[in-house]
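Asker: Residue numbers (the working numbering), protein chains in the order written: chain V, 1 to 338; chain L, 339 to 676; chain U, 677 to 1027; chain F, 1028 to 1378.
These are computed hints drawn from the structure, not numbers from a lab. Errors might be hidden in some of the hints.
Using 16 Å as the maximum straight-line C-alpha spacing, the simulated EDC-like pairs for lysine to aspartate or glutamate come out as follows [stated by the list, open to error]:
1) U:Lys693 / U:Asp886
2) L:Lys672 / U:Asp943
3) L:Lys672 / U:Glu978
4) U:Lys895 / U:Glu851
5) F:Lys1344 / L:Asp656
6) V:Lys334 / F:Glu1329
Residues of chain V clear of chain F, computed beta-carbon distances all greater than 10 Å [said to hold, decoys possible]:
7) Ala13
8) Gly146
9) Ser193
10) Met214
11) Gln215
12) Arg236
13) Arg243
14) His250
15) Val266
16) Asp267
17) Glu268
18) Leu269
19) Glu274
20) Lys306
For glycine and all other residues, C-beta sits at the position ideal for the given N, C-alpha and C.
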Amino acid sequence: MQKSTLRPRLEPALQVRIHDLMVKTRCVEERMIKMNRDGEGFFWIGAPGEEAFGVPLGLQVKKGQGPDFDYLHLHYRSSPLIMAMGGTMLDSLRQMGMRATDRYSAGRNFTNHYAIPEWNVAPMAPTIETQYLIAPGTAWVQRRHGGDGITIVNGGDAGTAEGDFASCLIWSTRPGKEIPMLIIVVNNKFGISTSHGTQHGVRNIADRGIPHGMQTKVINGNDVFESWAAIDEAMRYVRTERRPFLLEAHVSRLNGHSSSSGANRVDELDCILEFEKQLLADKIRTEAEIKATWERWRDEANACVKQLRTEPFPEASDIWKWTFHNDADNTLAKAGGD
Amino acid sequence: MQKSTLRPRLEPALQVRIHDLMVKTRCVEERMIKMNRDGEGFFWIGAPGEEAFGVPLGLQVKKGQGPDFDYLHLHYRSSPLIMAMGGTMLDSLRQMGMRATDRYSAGRNFTNHYAIPEWNVAPMAPTIETQYLIAPGTAWVQRRHGGDGITIVNGGDAGTAEGDFASCLIWSTRPGKEIPMLIIVVNNKFGISTSHGTQHGVRNIADRGIPHGMQTKVINGNDVFESWAAIDEAMRYVRTERRPFLLEAHVSRLNGHSSSSGANRVDELDCILEFEKQLLADKIRTEAEIKATWERWRDEANACVKQLRTEPFPEASDIWKWTFHNDADNTLAKAGGD
Amino acid sequence: MANMAQAIRMALAYGEKHLGVTDVFGEDVGPPLGGVFTATQGLRTSWNSPLDERGIIGMAYGIAVAGGKPVAEIQFCDYIFNTIDLLKLVGNAHWGSAGKFNLPLVVMTPVGAGIHGSIYHSHSFDSIMTHIPGWKVVMPCTPIDAYGLMIAALKDTNPVMFMKPKALLRTKGDERIPGEPEDEKVLKDMIDAPLGDRSNWKPRWPELTDYTVPIGKAKIVREGTHVTCVTYGRHVHWAKAAADTLANEGISVELIDLRTLYPYDFDAIKTSVRKTRRVVFLNEDTAVTNFGEHLLRRTTEELFYELDAPPRLLSGKNVPGVGLAPVLEDASVPQIADIEKMLRETATVPA
Amino acid sequence: MANMAQAIRMALAYGEKHLGVTDVFGEDVGPPLGGVFTATQGLRTSWNSPLDERGIIGMAYGIAVAGGKPVAEIQFCDYIFNTIDLLKLVGNAHWGSAGKFNLPLVVMTPVGAGIHGSIYHSHSFDSIMTHIPGWKVVMPCTPIDAYGLMIAALKDTNPVMFMKPKALLRTKGDERIPGEPEDEKVLKDMIDAPLGDRSNWKPRWPELTDYTVPIGKAKIVREGTHVTCVTYGRHVHWAKAAADTLANEGISVELIDLRTLYPYDFDAIKTSVRKTRRVVFLNEDTAVTNFGEHLLRRTTEELFYELDAPPRLLSGKNVPGVGLAPVLEDASVPQIADIEKMLRETATVPA
Ligand SMILES: Cc1ncc(C[n+]2csc(CCOP(=O)(O)OP(=O)(O)O)c2C)c(N)n1
Ligand SMILES: Cc1ncc(C[n+]2csc(CCOP(=O)(O)OP(=O)(O)O)c2C)c(N)n1
Ligand SMILES: [Mg+2]
Ligand SMILES: [Mg+2]
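Start from the sequences, fold in the hints, and give me the full structure.
Answerer: Printed below as a string of structure tokens:
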């Protein structure tokens, strides 16, 4: 256990903030699952079990727009990161509810698929691993631009079987053209129903960075302290050395793959409960405070759902919006396609 | 220099045979280059500089049809291997000359693109690296079939940037489902005009096999003895252990990339000259014998070109052949497509 | 009655037993899941692959080279678009090798919208796939046709793309699969994996028999005289519904289920259009460079003088995706009302 | 006169200087080679990429996200087919993000047959590319149009696919690029890399000026009254040759060079077909689900009653590849004689 050495580094106030964001994330995800069950959204996929890793990650992002800030190329289990960056429950739930007010996709995309220009969050697609091909592009611009902005890309364990993961290793370590990129693999040991160990002969996924001369690390992403420290270390390295770092975080997948597999709670270690034990033991939070945190966010989530129910769905004619960047082109395209 | 220890392993008769096949290969390639210059063929790409590796490889292939024998998934620099297996100059030159008698593609494909069912040589395409995705399929059948037949796949250094190379590493090392495959990378340090070192951060390409738990080796493919021994070792391992082996061979690219870059001779080490020095020093061949070998194969190549000149080109209606496996389907397809 | 997923599963089981199928594989295709739509549950030769579509198609190619008979699945056709080069290589192997190698393999993949799949689980693949020479391409719209077309695909010595209309995989037909027990609960008991632990479960396959829907043969689903509708997949059912409504208005629709997209049954189209002199081609792929446009082009070229009305295409809208909100999906993909409207217009426009 | 490769190079140099181009990259695009067709020699921002088409398209996407202006090359369109999913993602980014992100990038790639490229250097890409929504797609047939379309592409804030007709890259036009010196030897001296060692070579670009061929605007290459021919790329020249021959027979061909494949200039087609009442769509992509079929479909739907003859498609044959032997290539891809024949037939078939 490295915890004892790592724990002192995190200020109690920060621990409280992390806990708050972890609970916030869990509550918005659980509310989405309920929306799905209630028929208020068709499909859920999200991140229960990744909060101990994702929240520390989100809090350490250098948030802003343009190459001076961090670019993010994310997979669909990034709600902890987005919540930690300041994403709102309402925005996430609007996407789940397919409302016209969904600021990420106007009712077009699955939940937890963001696109946030102000925070350099690139548009997300559920195509596994393609983000690992796109991320080197923003990092390349950052290499040229200078400063300490970096690119962060994340994805799952199973997806590393796609050649795109290897491409990312190649493109980030071109001799003399290395790029400032934090490459993350979130290893929950499964791709849908297929367990990692049945398909991958590697001991650690992160080891695949080694022949490319890359710094790598494997961590227990269920542990807030270990996550914080590893992210801190990796980010410092990438920000200053302007070279890639490959970080593998082991996490739980608490509600199975998605609503397609039922989204029922499974018996794996729950990082929030673990963290709460610590907070109690270290007397940073009381039982009552913890309970209140959960209640506040549950209430907030419910209030958001109430709110979004009053909001309009998209309209049929909306499909013609935004094929091209200017309306004249969209009109032309409509004429050809209608 | 490992030569001294490796050399005794090769019987003089075998050395003579290897030399003969190396010269044969060089002569057929040079004749193709001349055909290209004479306007008798539009494009040349081939293997001058890879003979010291390719001939020992071809001679150690377990040749035949079906899973008891070796499957071959090759790139366009495999003439030494094919010549060593018994391919004829005439067949290669016919393909260069686009004759209807071209047994590999009936005038359809570029030269050095084979398809030989009797020898398990899978159809070749010039799409870089795709053979690394197909090869695991034959090896998978061989794993199930048993015996000592293996699958051999080769390709260039630059092509390992394609994700397909990494896919091959994944698919060949699935835990408990490892496959008998000799994975070869022929490293001539260039992809067309782009030097390996400018794009690849790996020290050795073969090192990329290590995290997957794969046996690997890097050799001087310009050395017949080292090549023979390494191929022997790798093949023994794959045949008996039924697991993959990743072998990287460094070779010269003696005539540049292809006829597109002129196909002129460049100043790199010539493995045939090196080998001839040894043969002379070891008194296995005399100057006169070596000269006669070259003359014989040059004459043979010229004779083949004379022969193929008498042979017909394909006919226009031939394009409709072999879209489907049966003629009725081809007729149907023609009706829809004509 | 069996649903389409069960029908496909039974055809594959038949194939394993009688047609030399050696490998049914893909992402989550093997135990425990047996495919995200359960179409491969309990199959003897099924196995899970790495999450790598390019590897899957390559593996199928290789297995076929070595004399196996693979059935590879791409989990959703939305994820097949990184393999187009490989599909082209597969389609090219026989032609490029001057007939030396043929690749008897089947790739199957769910296509189309209809399950609220949003941008990346709603794609169609008919247009790009029919543009790749060297493949046969089929798409059933009933369980019995799914069974018969899969068996035909498994017997074929060419590569066959078997498209599964996603929205129909859980729907039942009204014809029994040969060998299927009368009671669908019995069937379920025999071949559906139980909930919970499946590690010791084995299916009991009914006594399945050979039944082939020949590749290249369309089906006249409904005879009619005023207008022909040529479609496939789930739009067959919607066109049928539209035709039923139009019948009440005195408009008689002849409905053709193409079943094989390539090589398609042009005789069936020709015969029908010669009779009705009016035709609508219907599918849900996007509108520009759409397979229906090929059929329309050929029909126009060959039957121009026999047409009493402009031949029409009703297709998906030419936008980059199908949106998640139902109103967006419905606006993107032809609905029954749209079909009715276009058939009515085409049937009634003065000659 | 500049050849098309030089024209593209000059447009890119103009783009580097005036339009914010940040990266011109791809396999062998940078020094020393400057592209397998020399179209990127001497460019300030050019660089060599790893041999990885998927990485190339991904990189272009990422650069555009971060505010760069990338021009990515795929060495031959024959090698773009492993990136179709990424091209779809690019085309989808603006739409899928509800307008939040647009991707101002250009991908360029040589297309078509005509250089004895055999199976894997002769592919066309018009059909699949026009089927991918969210992209603009252009293809010039002269150096001046290549210059003007590239500048338009660089100014556009949408993704643009710039198709280079492979067979025309080394051919000259008859209009000078704005700023081009009169003597082509002078131009060559200024901008062509020397043979041999190039490590210290730098181009001297002429004083290039802005010249835009608007995206979406076709060009009437030849006016005529009897039959319209709609084409693009190298077939413009062949159609012109065919039209010249037919003129001697008293057949007057109106020839449209589409220049932009999407969004295409339907007004130009419509105006012309209304006049000639007969039309042939011509391209060299394979025949099934071919982009010309889209144009034919739309023309038929909208102008059915104004057509005096069946609209026709003349395209590549629907076989898996273009063979190396010239007789095979010629049989696969429309030749001048084929064009003449179809134009003649279409012009003369009784109304
Ligand atoms: C290219 C692609 N192939 C297949 C899928 C279907 N799919 C969605 S999630 C998933 C499993 C992903 O597993 P992993 O990468 O481990 O991420 P996790 O979901 O476990 O976080 C699959 C196969 C997809 N979305 N994209
Ligand atoms: C997928 C693909 N991309 C690009 C090309 C064009 N091309 C042909 S050979 C070549 C370089 C290959 O280099 P390497 O892999 O090192 O093999 P070598 O030719 O050096 O033996 C390229 C880029 C191709 N044939 N296929
Ligand atoms: Mg996982
Ligand atoms: Mg090389």
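Asker: Output the indices of the hints that this structure fails to meet, ascending.
Answerer: Every hint satisfied by this model.
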